[in-house]
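Chemist: So you can see what is in the structure, the chains are spelled out below.
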Amino acid sequence: AQSVAQPEDQVNVAEGNPLTVKCTYSVSGNPYLFWYVQYPNRGLQFLLKYITGDNLVKGSYGFEAEFNKSQTSFHLKKPSALVSDSALYFCAVRDLLPRGNNRKLIWGLGTSLAVNP
Amino acid sequence: NAGVTQTPKFQVLKTGQSMTLQCAQDMNHNSMYWYRQDPGMGLRLIYYSASEGTTDKGEVPNGYNVSRLNKREFSLRLESAAPSQTSVYFCASALRDRAQYSSYEQYFGPGTRLTVT
Chain A
1 AQSVAQPEDQ VNVAEGNPLT VKCTYSVSGN PYLFWYVQYP NRGLQFLLKY ITGDNLVKGS
61 YGFEAEFNKS QTSFHLKKPS ALVSDSALYF CAVRDLLPRG NNRKLIWGLG TSLAVNP
Chain B
1 NAGVTQTPKF QVLKTGQSMT LQCAQDMNHN SMYWYRQDPG MGLRLIYYSA SEGTTDKGEV
61 PNGYNVSRLN KREFSLRLES AAPSQTSVYF CASALRDRAQ YSSYEQYFGP GTRLTVT
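So the sequence lines, in the order shown, correspond to chains A and B.
For the first sequence, position 12 (counting from the first letter as 1) is numbered 12 according to our numbering, and the numbering increases by one without interruption.
For the second sequence, position 45 (counting from the first letter as 1) is numbered 45 according to our numbering, and the numbering increases by one without interruption.
No lab work stands behind these hints: they were computed from the structure.
Heads up, a few of these hints could be off.
Quick list of in silico lysine to aspartate or glutamate cross-link-like pairs, EDC-like style, CA-CA up to 20 Å [said to hold, decoys possible]:
#1 B:K14 - B:E79
#2 A:K49 - B:E79
#3 A:K49 - A:E64
#4 B:K9 - B:D38
#5 B:K57 - A:D95
#6 A:K77 - A:D95
#7 A:K77 - A:D54
#8 B:K71 - B:E59
#9 A:K58 - B:D56
Label pairs and their computed distance ranges (CB to CB) [to be verified]:
#10 B:S80 - A:S80: 45 to 53 Å
#11 A:T20 - B:E79: 40 to 48 Å
#12 A:L56 - B:P39: 30 to 38 Å
#13 A:N12 - B:E52: 27 to 35 Å
#14 B:N62 - A:E64: 34 to 42 Å
#15 A:S26 - B:A2: 47 to 55 Å
#16 B:N28 - A:N41: 22 to 30 Å
#17 A:K69 - B:S80: 44 to 52 Å
Keep in mind the model is a prediction, meaning the values are calculated, not measured.
The beta-carbon is built from N, C-alpha and C at its ideal position, and this holds for glycine as well.
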């Protein structure tokens with residue numbers, strides 16, 4: 001079965017420190033992977049995606065993510081966290097089933113990031 | 001561009017009442033989606049429309065109906081609201097890219113917070 005897992009419900013980090021939000025996936029074909037952020041009382045915003053090519057993908061607000069095929073992971077990273085990065089982060093992968101162009105995503109349950117001043 | 005807009009922002013219904021949530025996008029996207037978000041359950045797909053003229057069920061379609069009115073608009077109807085439908089509802093849209101299958105990222109509206117008493 002296709003799935004996405006975000007193993008941490010919550011991540012706490014001090015401002016200025018590097019942050020990592022973890023995501024692992026299970027799909028039968030080539031994964032298209034995405035990260036989204038949700039600020040309080042807002043809709044989700046697209047951060048970055050991996051389709052093909054360089055394993056390190058750069059996105060909005062200084063975030064980047066590393067695709068690791070052998071570990072089936074796509075962890076979100078930022079070198080220096082800001083208090084304003086505090087939000088809910090979602091990982092998603094393209095749904096390959098049923099075959100065809102169904103344009104759906106499979107979503108993780110989200111990780112709440114708290115950046116402490 | 002306004003992006004994806006949703007109305008209303010808030011709604012309180014009594015059990016058994018009906019209502020329609022409206023969604024519109026001005027990005028010329030082909031695909032549109034309705035999700036619900038509940039604490040601890042992430043995003044769950046209710047219905048989606050891969051292109052104008054088509055709609056398909058997602059994970060949790062029971063108790064809902066949809067209409068893809070035209071390319072811009074995708075409405076969600078609750079015929080007889082139940083307390084279990086208390087949730088935050090998000091509409092999203094995505095561009096269809098036949099050539100590369102790369103444009104799966106979805107763009108979200110601000111959400112409708114629905115309470116059913």
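Chemist: Has the given pair, K14 (chain B) with E79 (chain B), been kept, meaning a C-alpha gap of at most 20 Å?
Modeler: holds, 12 Å
Chemist: Given the hint that K77 (chain A) pairs with D95 (chain A), test it: the Cα-Cα distance must not exceed 20 Å.
Modeler: violated, 24 Å
Chemist: Compare the distance between the alpha carbons of K57 (chain B) and D95 (chain A) with 20 Å, and conclude whether the hinted pair is satisfied.
Modeler: holds, 14 Å
Chemist: Between the beta carbons of N62 (chain B) and E64 (chain A), is the distance compatible with 34 to 42 Å?
Modeler: holds, 40 Å
Chemist: Sort out whether D56 (chain B) lies within 20 Å of K58 (chain A), counting only the CA atoms.
Modeler: Violated, at about 33 Å.
Chemist: Would you check the hint for K71 (chain B) and E59 (chain B), treating anything up to 20 Å between C-alpha atoms as holding?
Modeler: Outside the cut-off at roughly 23 Å; violated.
Chemist: Does the hinted range 47 to 55 Å hold for S26 (chain A) and A2 (chain B) at CB?
Modeler: violated, 37 Å
Chemist: For the hint 45 to 53 Å, verify it against the beta carbon of S80 (chain B) and that of S80 (chain A).
Modeler: holds, 51 Å
Chemist: Does the Cβ distance between K69 (chain A) and S80 (chain B) fall inside 44 to 52 Å?
Modeler: holds, 47 Å
Chemist: Quick one: are L56 (chain A) and P39 (chain B) within 30 to 38 Å, going by C-beta?
Modeler: Holds - the Cβ-Cβ distance for L56 (chain A) and P39 (chain B), about 33 Å, lies within 30 to 38 Å.
Chemist: Starting from K77 (chain A), check that the Cα of D54 (chain A) is at most 20 Å away, please.
Modeler: With Cα atoms ~16 Å apart, K77 (chain A) and D54 (chain A) stay inside 20 Å; holds.
Chemist: Is the distance from the Cβ of N28 (chain B) to the Cβ of N41 (chain A) consistent with 22 to 30 Å?
Modeler: This hint holds: roughly 28 Å between Cβ atoms.
Going down the numbered hints, you'll see the structure goes against 2, 6, 8, 9, 13 and 15, while the others check out.
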